[in-house]
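*Asks:* Using the sequences provided together with the hints, build the complete structure.
The sequence shown begins at 364 in this note's numbering and counts up one residue at a time.
Be careful, since some hints might not be right.
Stated by the list, open to error - Distance windows between CB atoms, simulated: (1) T502 <-> K432: 38 to 46 Å; (2) K432 <-> Y503: 41 to 49 Å; (3) Q466 <-> V508: 44 to 52 Å; (4) E499 <-> L437: 31 to 39 Å; (5) T502 <-> S474: 25 to 33 Å; (6) V508 <-> Y467: 49 to 57 Å; (7) P501 <-> Q385: 18 to 26 Å; (8) P505 <-> D410: 18 to 26 Å.
For the record, the hints were derived by calculation from the structure and aren't laboratory data.
Beta carbons are placed, not taken as given, at the ideal position from N, Cα and C, and that holds for glycine.
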Amino acid sequence: MKRHLTGEFVNEYNPTTEMVVQPLDFFTNRGQVEFDCWDFSGNIGGDCTIIMFDVTDSVTHEFVPAWQKEIHWLCDDIPTILCGNKVDMNNQQVNVREVENLQYCEISVKSNYNIEKPFLYLARMLAGDPGLQFVEAPTYTPPEV
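*Replies:* Structure follows, in structure tokens:
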């Protein structure tokens, strides 16, 4: 989330210990889209979700079916995308090519590779618009004083 919000990459991962809600805005060819991102497990009634695992740690991938089941139990059938992070690393232990019932995206938060793709997929699904595209934020000219 921090990468999207500020552009900063945090090298040391600290698991979420409390509920964190971050608004994340994207500008599209159809207008502005805002995601309220809840970084924790167990949000009943969510509209969409990202399941992320570390491709350099096979144990994280083993949790995916349980997370998918929990999401279905809490939120029924909502748009979901599975993201394999750290695809820029040489020591990959997980190679996912097809995932049953889930859209899959390879990303690298560190190198900024594909980090917008999961949000674009979810925005398209929520809007029901496969032609939706992210665009640059409009620039505003400050008023003359």
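*Asks:* With reference to the structure, classify each hint as holding or not holding.
*Replies:* Hint check:
| no. | hint | verdict |
| --- | --- | --- |
| 1 | T502 <-> K432: 38 to 46 Å | 45 Å, holds |
| 2 | K432 <-> Y503: 41 to 49 Å | 45 Å, holds |
| 3 | Q466 <-> V508: 44 to 52 Å | 49 Å, holds |
| 4 | E499 <-> L437: 31 to 39 Å | 35 Å, holds |
| 5 | T502 <-> S474: 25 to 33 Å | 27 Å, holds |
| 6 | V508 <-> Y467: 49 to 57 Å | 51 Å, holds |
| 7 | P501 <-> Q385: 18 to 26 Å | 22 Å, holds |
| 8 | P505 <-> D410: 18 to 26 Å | 35 Å, violated |
Going down the numbered hints, you'll see the structure goes against just number 8.
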